[in-house]
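Colleague: Residues per chain are reported as follows:
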Amino acid sequence: MSAYNFAYLDEQTKRMIRRAILKAIAVPGYQVPFASREMPMPYGWGTGGVQVTASILGPDDVLKVIDQGADDTTNAVSIRAFFAKTAGVKTTTATTEATVIQTRHRFPETNLGAHQVLVYQVPIPEPLRFLEPRETETRTLHALAEYGLMHVKLYEDIARHGHIATTYAYPVSVNGRYVMDPSPIPKYDNPRLDDCEALQLFGAGREKRIYAIPPHTKVVSLDFEDHPFEPTKFEHPCALCGSTMSYLDEVVTDDAGGRMFVCSDTDYCETRQREGHIGHLNAAAPQTCPEAAE
Amino acid sequence: MNTPTTPLLKASGLCKFYGNRAACRDISFELEPGEVLAIVGESGSGKSTLLNLLSGRLAPDSGRVDYALAPGQMRDLATMSEAERRLLARTDWGFVHQDAREGLRMNVSAGGNIGERLMGIGNRHFGNIRETAQVWLSRVEIDPARVDERPTAFSGGMRQRLQIARNLVTNPRLVFMDEPTGGLDVSVQARLLDMIRALVAEMGLAVVLVTHDLAVARLLSQRILVMKQGEVIESGLTDRVLDDPQAPYTQLLVSSVLAA
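Protein chains in written order, with this note's numbering: chain A, 1 to 294; chain B, 1001 to 1260.
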């Protein structure tokens, strides 16, 4: 523990990152460049999010880390252990108990409050990247708010698939000004970003960018008048907790086409199960006997 | 040419140097609304540089370009903000490149290519954008059923016509064309020229056309500038210049056209 400064990064680095965060909060949706550091984990594992978390973490914070909604996958476990070791902060898997939540590709199902900060890990912060490869040009497009190109992408979706087929990293307009990539969260989560009570910070380590959505900011998903934005809908309830109000992962259960749909947010799902909500494939569910049913 | 109309574009004393080589030297002229002006000359005579200066894609070393945002309201391009210039370039102007790949998004469908300008100025209705794209495809003689195909599936002549449609969809007043028929075979060239001529007449477009092909200049333009080594050595009505060239270089140019 004493071999590390609190939360791994040295204080000067944290100050530099905090300045970038403050600027990002002041200009919602604007990508602020920062001097991203090498972290003791590979790019793609959340080096951007980790640096943001390290810079805002205090000794009294309670940290939760999720990866695609789950608290128990490698990425989440490793980052939680990293901060438990280098900062000695309390960690939790309960969304309601956490003050800082680092997330990879999900917004927790439980509503966040004003005392909480959500830190996103971002692989590619530039929403225009695949249409305009030149960084100088995308910066100009942002500066002049020339976002016609973003709609060209959505146009192509409809022209090719008959509907907007972008299902994750769905572009949003923040505070009526900057178009932003919300990181690869499913578009199901997009409405949650709007008017959120919690501060949302986005860190891209490899691309060296930080951006933010301050609390209660207007976030609008881009769309066409005749093809409005629609969040993903599910045909099934969660097989474990029976929820019809959550984002579901498809889990293949055998090699004969068997599959189940379960909540991607493990904390939400487990909390509901503890409260007595039982899905149809839950082992605790009352087993219906085929003979008796007849 | 002493009509009292106000010019659409006015170039005064344009100079551009690359090192100490002059690409353009002291070029001045006026372009009337709806007028087609051809700039001819051999390779390296400064035609393309002049076109880039006029369209604000390049800043002149000295001289200025004024554009009439509204009748009688001339604005110096150099004093416009980048935002104003870019807005102008994607609404009131068009730019047709010699190589259609430069002017098109090759990985975006024909409809998306035509619709980009519409979406850029705030059109947010997919159905209307696609319909407008189809109307424009038929106007440039491409089957509207191919609206969802990418330009990679199009022939060279079709790509060039698609590029023209993409530029004209916002009803611009001025179009810059850099060798629009270059690299196309002769029959395709002829059809493209016919189409450009019809569209120009129909829409009342002003065109600044760079070409090394005197036949193209004769077919499309009313007025002509002959350039050599960065200078305009002769200018006037196209028919007059081509039928009765005064400058020795123009005489050489006209006499060196192969008769078919």
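These are calculated hints, taken from the structure and not from any lab test. Values in this document were obtained by computation on a predicted structure and should not be read as measured data. Treat each hint with caution, since some may be false.
[What the hints assert, rightly or not] Here are the simulated lysine to aspartate or glutamate pairs, EDC-like style, with alpha carbons at most 16 Å apart: (1) A:Lys153 to B:Asp1066; (2) A:Lys153 to A:Glu207; (3) A:Lys187 to A:Glu230; (4) A:Lys153 to B:Asp1148; (5) A:Lys218 to A:Glu250.
[What the hints assert, rightly or not] Label pairs and their calculated CB-CB ranges: (6) B:Asp1148 to A:Lys218: 51 to 59 Å; (7) A:Ala165 to B:Ala1089: 41 to 49 Å; (8) B:Ala1198 to A:Gly176: 39 to 47 Å; (9) A:Arg177 to B:Met1074: 27 to 35 Å; (10) B:Asp1148 to A:Asn111: 39 to 47 Å; (11) A:Phe130 to B:Asp1244: 36 to 44 Å; (12) B:Arg1021 to A:Glu11: 35 to 43 Å; (13) B:Gln1229 to A:His161: 31 to 39 Å; (14) A:Gly257 to B:Met1203: 52 to 60 Å; (15) A:Pro215 to B:Gln1073: 39 to 47 Å; (16) B:Ala1215 to A:Arg177: 28 to 36 Å; (17) B:Ser1062 to A:Ala26: 24 to 32 Å; (18) A:Arg134 to B:Gly1183: 57 to 65 Å.
For every residue, glycine included, the Cβ atom is placed at its ideal position computed from N, Cα and C.
Colleague: Which hints from the list above does the structure break, by number from lowest to highest?
Modeller: 1, 2, 5, 6, 7, 11, 12, 13, 16, 17, 18
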